[in-house]
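If you want the building blocks of each chain, they are given just below.
There are 2 protein chains.
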Amino acid sequence: PPPALPNVEEDLIPPENFAIVAPGVYRSGFPMRKNFPFMETLRLKTILTLVLEEYPEANLKWCQDQDIQFMQFGIPGNKEPFDNIPEEVICAALVQILDKRNHPLLIHCNKGKHRTGCLVGCIRRIQSWSLTSIFDEYRRFSNPKSRAVDQQFIDLFQLSKVWEQVLSTEG
Amino acid sequence: PPPALPNVEEDLIPPENFAIVAPGVYRSGFPMRKNFPFMETLRLKTILTLVLEEYPEANLKWCQDQDIQFMQFGIPGNKEPFDNIPEEVICAALVQILDKRNHPLLIHCNKGKHRTGCLVGCIRRIQSWSLTSIFDEYRRFSNPKSRAVDQQFIDLFQLSKVWEQVLSTEG
Numbered sequence: 001p002p003p004a005l006p007n008v009e010e011d012l013i014p015p016e017n018f019a020i021v022a023p024g025v026y027r028s029g030f031p032m033r034k035n036f037p038f039m040e041t042l043r044l045k046t047i048l049t050l051v052l053e054e055y056p057e058a059n060l061k062w063c064q065d066q067d068i069q070f071m072q073f074g075i076p077g078n079k080e081p082f083d084n085i086p087e088e089v090i091c092a093a094l095v096q097i098l099d100k101r102n103h104p105l106l107i108h109c110n111k112g113k114h115r116t117g118c119l120v121g122c123i124r125r126i127q128s129w130s131l132t133s134i135f136d137e138y139r140r141f142s143n144p145k146s147r148a149v150d151q152q153f154i155d156l157f158q159l160s161k162v163w164e165q166v167l168s169t170e171g
Numbered sequence: 001p002p003p004a005l006p007n008v009e010e011d012l013i014p015p016e017n018f019a020i021v022a023p024g025v026y027r028s029g030f031p032m033r034k035n036f037p038f039m040e041t042l043r044l045k046t047i048l049t050l051v052l053e054e055y056p057e058a059n060l061k062w063c064q065d066q067d068i069q070f071m072q073f074g075i076p077g078n079k080e081p082f083d084n085i086p087e088e089v090i091c092a093a094l095v096q097i098l099d100k101r102n103h104p105l106l107i108h109c110n111k112g113k114h115r116t117g118c119l120v121g122c123i124r125r126i127q128s129w130s131l132t133s134i135f136d137e138y139r140r141f142s143n144p145k146s147r148a149v150d151q152q153f154i155d156l157f158q159l160s161k162v163w164e165q166v167l168s169t170e171g
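Those sequence lines, one after another, are chains A and B.
The first sequence: position 164 = 164 (the numbering used here), numbered continuously.
The second sequence: position 124 = 124 (the numbering used here), numbered continuously.
Next up, chain A with everything else stripped away, as it sits in the complex:
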């Protein structure tokens, strides 16, 4: 007879808006305790957050227990009116994401829609995706609240700054 069916663990709960961006790069909303069992299956090496506020003690402790390095590139999450998204913060985050020694890596903000959407849009720029395809993906995550300021940021973002930092000698 065939071996027994694999035992079904209790349900694993990915964080809100979880998805795979690229091999070794994940995105989501803010991880909560109930998401920890699922996140352990990812064998993360790095958590990169875009939230500005102080990180919750429970999450920091979990990172230490899991031997996961914690990186914070804080960006204000406020909505319109038009406020500029700090280009140098996104650039610094991209440099860490491009460094495979930090993979597997999870990018998250609060909902996993806007700040994370901006950063992933810049990753797609680096991957030479067409702008239309980048915006389709951005809207899929940010619907129904897509923001023109985010899409404009992705469109105007200068990749040369990222390469300069990645290639800079004192790197």
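The hints are simulated quantities; they were obtained by calculation from the structure and are not laboratory data.
Every residue gets a Cβ at the ideal spot worked out from N, C-alpha and C, and that includes glycine.
Mixed in with the good hints there might be a few duds.
[Claimed, not checked] Listed next, the in silico SDA-like pairs over lysine to any residue satisfying Cα-Cα at most 25 Å (straight line):
1) B:K45 - A:Q127
2) B:K34 - A:Q151
3) A:K100 - B:E40
4) A:K111 - B:S130
5) A:K34 - B:R140
[Stated by the list, open to error] Partner residues aside, some chain B positions facing chain A, computed with beta carbon under 8 Å:
6) I13
7) P14
8) A19
9) I20
10) S128
11) S133
12) N143
Since chain A is already given, all that's left is putting chain B on it; use the hints.
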């Protein structure tokens, strides 16, 4: 001075609703000629389609040129009224998706929303995701046209049938 900036190829255009489901497993809408350059970056081994109609000659030729095996598990794409999604077809497709010798593999239907959404929902069942998380992902791709019949199919799908086929001796 740092080496020259990497040359920026013309834009790569992923097929509509393209995403990574799991390492080596992708999903999308129907690939078109303009998507071929992007798809070549995936180094696919298998294309698994859920469309019922005859596959376009140009796409078949491209598969042959790329040495990609072509699998068709046709499912009618019609909408309500309630029609049952053929469980044994989804089951047969899952058996091929679970076989890593077929990876990297692209799953597609027409829009990459409903039939593909059902199949990916069953993959998440196999990965023990909670139903809420499975439906969140399903809706993110099928919005604004999410279908209760798809979500019910995912909920009621019996994994034991897949395991029986995978483990069956004459496999």
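Would the hint on P14 (chain B) stand, with a C-beta cut-off of 8 Å toward chain A?
-> Hint holds; P14 (chain B) Cβ to chain A Cβ min 5 Å, cut 8 Å.
Taking the least C-beta to C-beta distance, is A19 (chain B) closer than 8 Å to chain A?
-> Result: holds, 7 Å to nearest chain A Cβ.
Compare the distance between the alpha carbons of K34 (chain A) and R140 (chain B) with 25 Å, and conclude whether the hinted pair is satisfied.
-> Roughly 21 Å between the alpha carbons, so the hint for K34 (chain A) and R140 (chain B) holds.
Would the hint on I13 (chain B) stand, with a C-beta cut-off of 8 Å toward chain A?
-> Where the cut-off is 8 Å and the nearest Cβ of chain A is about 5 Å from I13 (chain B), the hint holds.
Pairwise hint evaluation, E40 (chain B) against K100 (chain A), where the allowed Cα distance is 25 Å at most | Cα-Cα ~22 Å, so holds.
Would you settle whether the hint for S128 (chain B) is holds or violated, based on the nearest Cβ-Cβ distance to chain A being less than 8 Å?
-> 5 Å, holds
Given the proposed pairing of K45 (chain B) with Q127 (chain A), does the C-alpha separation stay at or below 25 Å?
-> 21 Å, holds
Hint validity - N143 (chain B) Cβ closer than 8 Å to any chain A Cβ = N143 (chain B) check passes; min Cβ-Cβ to chain A is 6 Å, inside 8 Å.
Regarding the pair K111 (chain A) and S130 (chain B), is the alpha-carbon distance no greater than 25 Å?
-> The hint holds at about 19 Å.
Taking the closest Cβ pair, is S133 (chain B) under 8 Å from chain A?
-> 5 Å, holds
May I ask you to test the interface hint for I20 (chain B) with respect to chain A, counting a Cβ-Cβ separation under 8 Å as satisfied?
-> 4 Å, holds
25 Å Cα cutoff - pair K34 (chain B), Q151 (chain A) = 23 Å, holds
This entry satisfies every hint, going by the numbered hints stated previously.
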